[in-house]
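Could you put the whole structure together from the sequences, leaning on the hints where they help?
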Amino acid sequence: EADIYQTPRYLVIGTGKKITLECSQTMGHDKMYWYQQDPGMELHLIHYSYGVNSTEKGDLSSESTVSRIRTEHFPLTLESARPSHTSQYLCASSPPGAKPNYGYTFGSGTRLTVV
Amino acid sequence: AQKITQTQPGMFVQEKEAVTLDCTYDTSDPSYGLFWYKQPSSGEMIFLIYQGSYDQQNATEGRYSLNFQKARKSANLVISASQLGDSAMYFCAMREGQGAQKLVFGQGTRLTINP
Numbered sequence: 001e002a003d004i005y006q007t008p009r010y011l012v013i014g015t016g017k018k019i020t021l022e023c024s025q026t027m028g029h030d031k032m033y034w035y036q037q038d039p040g041m042e043l044h045l046i047h048y049s050y051g052v053n054s055t056e057k058g059d060l061s062s063e064s065t066v067s068r069i070r071t072e073h074f075p076l077t078l079e080s081a082r083p084s085h086t087s088q089y090l091c092a093s094s095p096p097g098a099k100p101n102y103g104y105t106f107g108s109g110t111r112l113t114v115v
Numbered sequence: 116a117q118k119i120t121q122t123q124p125g126m127f128v129q130e131k132e133a134v135t136l137d138c139t140y141d142t143s144d145p146s147y148g149l150f151w152y153k154q155p156s157s158g159e160m161i162f163l164i165y166q167g168s169y170d171q172q173n174a175t176e177g178r179y180s181l182n183f184q185k186a187r188k189s190a191n192l193v194i195s196a197s198q199l200g201d202s203a204m205y206f207c208a209m210r211e212g213q214g215a216q217k218l219v220f221g222q223g224t225r226l227t228i229n230p
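Residue numbers (this note's numbering), protein chains in the order written: chain C, 1 to 115; chain X, 116 to 230.
In short, the hints are calculated from the structure, not lab data.
It cannot be assumed that every hint is accurate.
Quick list of in silico lysine-lysine cross-link-like pairs, DSSO-like style, CA-CA up to 27 Å [said to hold, decoys possible]: (1) K57(C) - K185(X); (2) K185(X) - K217(X); (3) K31(C) - K131(X); (4) K188(X) - K217(X); (5) K217(X) - K131(X); (6) K118(X) - K217(X); (7) K18(C) - K31(C); (8) K31(C) - K118(X); (9) K18(C) - K57(C); (10) K118(X) - K57(C); (11) K31(C) - K57(C); (12) K57(C) - K17(C).
The following block contains the structure:
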């Protein structure tokens, strides 16, 4: 039973379209993250948030943007999709005052294909 | 510089055998945590095991154990009595510092269990 939800699971969309990938969690976690992963490759952090109205860029530069208006919701938006954006996008969260051994809880991911 | 290095792109193991997946890391922070995640073909990330830099004993979780060699900066994952369901990508990850919450991932190892 997932506590962090990503929709859609799969998305095929044309070049130039605006898209929003949804991520919601029901655990009350304050920290949320977006990772980008090409097939069979490592995960790269592209955005993170430490709470409402807090957003930061990650280690990998991305043309996407994020917002955090509510604790439970952390959507990712691409204003104009391009084939280079084809990838899997994974959302994750971690709780406040996390114990050191607390890893992230990940969503199931969105596999985006831009044609 | 790569902070997490997994040098085995692919591993093939017979069912019921033990397997060791290698992970080395690089950090100057005395406080850090090391994680292993499993990613099946469906794409979700499953947390397996955690090792803290100050932990005196190697972590164990069921069939998973972590061979932590601090001086060598290695944190190898050992899976005992492998099963067909263990076939997946495995990622080593590190979190530096007590307050920081960002995970940095290695390149991953694709493990295939043969019947």
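The hints, checked one at a time:
1. K57(C) - K185(X): violated (31 Å)
2. K185(X) - K217(X): holds (21 Å)
3. K31(C) - K131(X): violated (39 Å)
4. K188(X) - K217(X): holds (19 Å)
5. K217(X) - K131(X): Cα-Cα ~35 Å, so violated.
6. K118(X) - K217(X): Distance ~13 Å between K118(X) and K217(X) Cα, so the pair holds.
7. K18(C) - K31(C): holds (26 Å)
8. K31(C) - K118(X): Judged against 27 Å, a Cα distance of about 22 Å means the pair holds.
9. K18(C) - K57(C): holds (20 Å)
10. K118(X) - K57(C): The given pair, whose Cα atoms are some 19 Å apart, holds under the 27 Å limit.
11. K31(C) - K57(C): Holds, at roughly 14 Å.
12. K57(C) - K17(C): Distance ~22 Å between K57(C) and K17(C) Cα, so the pair holds.
Taken one by one, the earlier hints fail for this structure at numbers 1, 3, 5, listed in ascending order.
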